[in-house]
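Please model the complete structure; the sequences and the hints are all you need to start from.
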Amino acid sequence: MDLTVALPPKIVEKIFSYLQLKDLLACSEVCVGWYRLANNVSLWEPFVSNIENSWVSHSELRECDAITSNFLDDSQGLKSIFQFKPLSALNPCKMFIRQRNFLKHNWVNGIYTEHCIQPKDFGLTKFSQVKVEYPSKIAQDCLYYPILGTRKNGEEGLYLVRLDENPRIVHKLIETMDKKVEFHAACVMRDCMVWILGGTVQFFDLSSQLEDSEVQTIGEIGEKYWNLTMNVDYIVVWCEQSLYIWCKKTLDLKLSRKYQPDQVSALHRVCLSNELLITCVRFVESGYTIETHSTKSNFESKFLRKFDTDIFKIIKSSKKSIIVGVFSRDRAENQVYVLDNKTLSKKFSQPITALGKLEVIDNLVLIYDGGICIPDFKEMMKLNILTGECTQQGVSAIAFQHSFVFDNILVTENYNSDSIEVWDWRKNMKLLHFNAENHVLYVPISEDDDSDFDDIDETDGCAFILAMKRLSSAKKLTFHVSEARLVTLDWDSQLKVYGFG
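Per UniProt numbering, the sequence shown starts with residue 1, numbered consecutively.
Please note: incorrect hints may appear among the correct ones.
[Claimed, not checked] Calculated pairs, DSBU-like style, for lysine-lysine (alpha carbon to alpha carbon, straight line, at most 30 Å): (1) 427 to 316; (2) 179 to 258; (3) 152 to 137; (4) 126 to 172; (5) 152 to 180; (6) 342 to 10; (7) 319 to 22.
[As the list claims (entries may be wrong)] Label-pair ranges, simulated between beta-carbon atoms: (8) 223 to 130: 14 to 20 Å; (9) 21 to 353: 21 to 27 Å; (10) 257 to 394: 42 to 48 Å; (11) 11 to 283: 22 to 28 Å; (12) 101 to 335: 22 to 28 Å.
Hints were generated in silico from the structure; no laboratory data involved.
This one's a predicted model, so the numbers in the text were calculated from it and none came from an experiment.
Beta carbons are placed, not taken as given, at the ideal position from N, Cα and C, and that holds for glycine.
Right, here's the structure in full:
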């Protein structure tokens, strides 16, 4: 007797909710009846990220939500498994999972296509990078790549490259860059690009036909060093003494906050998730304070938590937790805290020794030394957010410039061989090797990297100084990683796109 027929649908759904992904998929292939029961969106939601879930709730089937392949032959790319748009009414969460599994398979098995863009193909003499952040690594969120292009008369413009099966410049965002006006940062997601130029915040819509879009100035914020991020709904810009938030849909300013210098020495960190804005403020007299703000209720303050520490280095957010790394200058009280994201109450903490980096992947917090410039064998600490269990794992090569993607892929520079390597970090196994002859990789300093030369061990000093001297006179190679692509820009101004979907 088929109990799924005899039992009420809600009871069957409750039973299915305890299944792991592979078991849920197996149940969906038993018969038509089980397929319909197992295809319930609520059963698949726990297996997708917060960002993906947010896009599902915005699923108006816009052009920017469509699957884009890097393969000219549709039988090799993502389009071979998607005959319709990914945010369909059937089960958009399942579509995201199928997309991710397909791309992950191609990374692991070295299935990719390579494209090369050169400035001369577009009447330019040189490409230069801009500082750009991608808050999401989902394929649809990383389809566009901003780049500076130099013309024959020496003038620079800001251009937009589309990274599909025929990568090319598709739009000129700024005709001529004023060299006296600083370009601070850019941020890209699937529906828009935002950047800070001088004292203005500028917006460009990517959700429809680009020829119908125009660059809009959405705010005047003054000449300072600004940081920028966004989520599905909001754009957030901040510096040490100010915080601004705009609604992406209406471009209305939702929040403007200025901190008094006699009370606040710095707005130290900002972390934006889909439901929370998390700020870390350093007060003049009382040290660091974390504050959470609800994105669903006009960013009203929800909870506060104070930390008595010398250095507040890192804030990361997962589905149900906030991960905080705090350090003392004498390294006597280095801790990673896992806090409840609703109440900021401490779930647990873990003492650590290294003044390194921190990455959140699924239910794991990875704590490791990001390296200087020369990759070598390193011990990585793995902290389970759900259980508090802490284990160690060796990883052969993590250098300064690196990126994690999926739950097992690490893309890193290899300074010694002037190349980019792809590793399965869980198995400590090298998967791919991209040569970059006669190039040395550029070391970017990211928002999460507060490294001060005074914090470096004496034993590391010689290697660090040698590496910095070599880098200062070297050409630069930069790379960007998403779930679907690896993009590199070398000193010959060749923009290479390695597409995995």
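We went through each hint and held it up to the structure:
no.: 1; hint: 427 to 316; result: 25 Å, holds
no.: 2; hint: 179 to 258; result: 29 Å, holds
no.: 3; hint: 152 to 137; result: 35 Å, violated
no.: 4; hint: 126 to 172; result: 15 Å, holds
no.: 5; hint: 152 to 180; result: 20 Å, holds
no.: 6; hint: 342 to 10; result: 28 Å, holds
no.: 7; hint: 319 to 22; result: 21 Å, holds
no.: 8; hint: 223 to 130: 14 to 20 Å; result: 18 Å, holds
no.: 9; hint: 21 to 353: 21 to 27 Å; result: 35 Å, violated
no.: 10; hint: 257 to 394: 42 to 48 Å; result: 44 Å, holds
no.: 11; hint: 11 to 283: 22 to 28 Å; result: 53 Å, violated
no.: 12; hint: 101 to 335: 22 to 28 Å; result: 36 Å, violated
In summary, the structure is inconsistent with hints 3, 9, 11 and 12 from the numbered list given earlier, while agreeing with the others.
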